[in-house]
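*Asks:* Both chains are sitting in their own frames, so use the hints and assemble them into the complex.
Each chain is listed here by its residues.
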Amino acid sequence: MSYLIALMIVFIGFLWQVSIDGIQRKVTAKVHRRVGPPWYQTFMDIFKALSKSSITHGFIYDFGVMMALGGTIATFMFLPFGNIVAFNGLDNFFVVVYLLAIGSLGMAMSASGSGNAWAGIGIMRALTQMVAYEVPFMIVVFGMIHVYGTSSLSELAHVQQMNGILGWHIFTMPLGAIVAFISLLGMLNKVPFDTPIAPTEIASGPMVEYGGKHFGMLMLQHEFATLVEVGLFVNLFLGGGNLIEYLIKYFFVYTLVTLIYAVSARFRIENVVTFFYGVPIVLSLVQAAIVIFTGLGVNV
Amino acid sequence: MNIFEEDLNDTITFWEKIKNIFRGKSLWMLHYCTGCGAVELPPTMTARYDMERLGMGPMATPRQADVLLITGYLSVKTLRRVIYTYEQMMTPKYVVGFGSCTLNGGIYYDSYAVINRLDYYIPVDLYLAGCMPRPEAIMNTFKTLENMITKGEANGWKKYVENYDWYRNNQIRSLGEVYVKDEFHE
Ligand code: SF4
Numbered sequence: 160m161s162y163l164i165a166l167m168i169v170f171i172g173f174l175w176q177v178s179i180d181g182i183q184r185k186v187t188a189k190v191h192r193r194v195g196p197p198w199y200q201t202f203m204d205i206f207k208a209l210s211k212s213s214i215t216h217g218f219i220y221d222f223g224v225m226m227a228l229g230g231t232i233a234t235f236m237f238l239p240f241g242n243i244v245a246f247n248g249l250d251n252f253f254v255v256v257y258l259l260a261i262g263s264l265g266m267a268m269s270a271s272g273s274g275n276a277w278a279g280i281g282i283m284r285a286l287t288q289m290v291a292y293e294v295p296f297m298i299v300v301f302g303m304i305h306v307y308g309t310s311s312l313s314e315l316a317h318v319q320q321m322n323g324i325l326g327w328h329i330f331t332m333p334l335g336a337i338v339a340f341i342s343l344l345g346m347l348n349k350v351p352f353d354t355p356i357a358p359t360e361i362a363s364g365p366m367v368e369y370g371g372k373h374f375g376m377l378m379l380q381h382e383f384a385t386l387v388e389v390g391l392f393v394n395l396f397l398g399g400g401n402l403i404e405y406l407i408k409y410f411f412v413y414t415l416v417t418l419i420y421a422v423s424a425r426f427r428i429e430n431v432v433t434f435f436y437g438v439p440i441v442l443s444l445v446q447a448a449i450v451i452f453t454g455l456g457v458n459v
Numbered sequence: 004m005n006i007f008e009e010d011l012n013d014t015i016t017f018w019e020k021i022k023n024i025f026r027g028k029s030l031w032m033l034h035y036c037t038g039c040g041a042v043e044l045p046p047t048m049t050a051r052y053d054m055e056r057l058g059m060g061p062m063a064t065p066r067q068a069d070v071l072l073i074t075g076y077l078s079v080k081t082l083r084r085v086i087y088t089y090e091q092m093m094t095p096k097y098v099v100g101f102g103s104c105t106l107n108g109g110i111y112y113d114s115y116a117v118i119n120r121l122d123y124y125i126p127v128d129l130y131l132a133g134c135m136p137r138p139e140a141i142m143n144t145f146k147t148l149e150n151m152i153t154k155g156e157a158n159g160w161k162k163y164v165e166n167y168d169w170y171r172n173n174q175i176r177s178l179g180e181v182y183v184k185d186e187f188h189e
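Keeping their order, the protein sequence lines are chains A and B. All residue numbers for the first sequence refer to this note's numbering, where the first residue is 160 and numbers rise by one. All residue numbers for the second sequence refer to this note's numbering, where the first residue is 4 and numbers rise by one.
Watch out, some of these pointers could steer you wrong.
To be verified - Covered stretches of chain A, as calculated for chain B (at least 3 residues, CB under 8 Å):
| hint | segment |
| --- | --- |
| 1 | 191 to 197 |
| 2 | 358 to 367 |
| 3 | 370 to 377 |
Keep in mind the hints are simulated off the structure, nothing from the lab. Every residue, glycine too, gets a C-beta built ideally from N, C-alpha and C.
Extracted from the complex, chain B is given alone in its bound form (with noise of 0.2 Å):
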């Protein structure tokens, strides 16, 4: 993984203040749309709740993307290509649960396709609770997401390079290793 070593300090230096205000204002989103919480983000992004007030707007490429929207329920072969487009984004980056289903498996908490709780897995730095939440309750957390990130605490992706043996010895255990082919970097 490509990362800032000066980053993953603790200690805030004034530079990394001035780069938390920026990285604050501007949140590009990824949403990956699960569960039905993906209904609700339409309304959001569009003229009536504007979610380009805050800064923030739809990017198409994981690349580009500072957060990680998953929205309900993820099955197991869903959750491969998650934890994919989670490595794939650049360091800073910043996940949102969205819903009961990401926190506990919600009404899909037996069932033996879907897994219970998104944390085992990639670290998530804001739930949003509701089933499902309303605009105003997106609005709400993008904006408290916005004050973690100004102040320096929404740092699940350290977490993510500090405990990576962790999360990777629980997505093999429900996953499986997997092998990827690269046709154009042989």
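Just chain A, same shape as in the assembly (with noise of 0.2 Å):
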């Protein structure tokens, strides 16, 4: 049964997501000034890549790029979609984003066994921007598990509804939210930290060797990892909610994400580390220490 639930929230977050992705390209178009794709031009893009012959550079390449999907669809199950838990008890925080790490390592080692030097470069980037969002993130974070004494996300989105809209922890730990929130920028790849797939000085970064259905295969695997990274900040700052508000939420906070990605400029790498190991690591920290030495913010 839970394989079932699995399932359909694999399906109805590839329809959200796509949908949505494609919504984003409209708001970016309307922050240009000008029209834009329709909103299904997402869905043509991803099937126009499957439908496309496509050449092999040896297995690791191959195995790699279903690894990547395969690891980050896992990822996503793990997740609560909404009030919907597909394996119940194992939406853990630690599951998800250890599951998290098998997409970009399935994905960086195909793309050295492409043997291509953009490629080289573009997943030494991807991986040294792993280390800086990661750190100030997982501390905030790790200050939240310390005191509620639980890792399950459902039962962190549960916490935060008890007080109404003001207990979410957007409210009450804002430093962390806001600390979160350039974290998820810097998950996502999007412009101000999109230094590993920088298209214009670096040929597109790890994706470079890959054309028709690997790249098809590698824009799901990318619209499944926004729907679990959007979903992680929904869950832990938003309160999570039934499907509908989550739904609604998630909308809102990617479409916050596309207004900033529509007006910046790209960081260049070491930027992007001296950047996160400044103001969001104090900020991190100063928060943490809020939470766990008064309590400040939180609801036990």
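*Replies:* Following this line, the structure appears as structure tokens:
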């Protein structure tokens, strides 16, 4: 039964995220004062990519793509989607964070298997950026987990709903929410932090050798990774909620990310690291200290 | 080369039609900016003419691109890179030639360093008239290309597979044989 639910949320999540992606392309276009593609454009792109031929650069290249896609879909199955939890009791923060790395590592493995120099540079940048954004994010979330004594995501979403809207962590832990939002921009590889896939300087970085079906699978992987990352933010800081509430909150968070993305320029990779290790890490430490030592802002 | 056998048939099946709709609606282009025509692409891409309305966008690498834009005259040295690039693209793939230089040599028709006709070397699906074409003409061409793909008429890449010997001979006559060294997969 839980497997059926898991397959169902994968399907709903796919339809939702890909249409939202098309709508975000419209939003970006409106910010740039142009018309923009129709909302179903991303479906067209994915199915077109899957209908083309593709070449292989060896076993590792093929296997890594499948590992990335499978790992990311598996991660998404463990995340609470609204109030639907496919595998009860396993919707744990550590499970999600641990499995999410499998997707990135699969992609790193297969991209280096392609033997292109740009891919190597892109992966180096992607992993460096990962080291940068994970640390402040983890400090905030570990402080939260320490106080509540649980790392179950649906539990953490549930405790926020007890005091109504003002109980959400975005209001009770504002510093932590800001840090987590900045880390979310880094996770999504959206423009201020799109150093790994810089198309104009390193020709799409890790993606440089993928074409046709492989690229279609990686686009799918990217959509599911977005679902997981924005979903983590909604569950941890906006209090989850039932399916409709969850999807509305998801839409707002993703639109905010897009608005920032539409007007900003790119950091260099050393700027990304020094940026994350500067103000955000201090804010996250302050937030963790407040939460752990005074208990201010959490309702245990 | 890596191709689908069933894609090479001339009869269009039901699935072919559906695939053609997807392929027509989402065209990623690789603008191989050789000649003067390239300066008309930035206005076409940016806010004023907004190429993304047709589902088109620039792609950084030939592996992901569907359309190869040859924007102007090609010298013999550049031709070699164009052929490498064309052969790296995934099938189905389309070529658009800009301006009179790709058609008959244009103002360089008697030059020793510039090739005269592009479609001796790679198959061209659509020529775009003008020296140089306006962004409106470029948008119009893309719309035409989209319709051609949806109807299944843009099959230059099939011609390239079927008449490979003829293209190959033309290429060798202009360029000579080249040896490509692949260090990674040795
Ligand atoms: S056709 Fe005209 S604009 Fe185009 S490359 Fe030739 S000379 Fe330049």
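*Asks:* Counting residues of the segment 358 to 367 of chain A that have a beta-carbon nearer than 8 Å to any beta-carbon of chain B, does the count reach 3?
*Replies:* holds (count 6)
*Asks:* Can you take a look at whether the segment 191 to 197 of chain A is actually covered by chain B? Rule is 3+ residues, C-beta closer than 8 Å.
*Replies:* Holds: 7 residues of the segment 191 to 197 of chain A have a Cβ under 8 Å from chain B.
*Asks:* Has the segment 370 to 377 of chain A got at least three residues whose CB is nearer than 8 Å to a CB belonging to chain B?
*Replies:* holds (count 3)
The structure agrees with every numbered hint stated previously.
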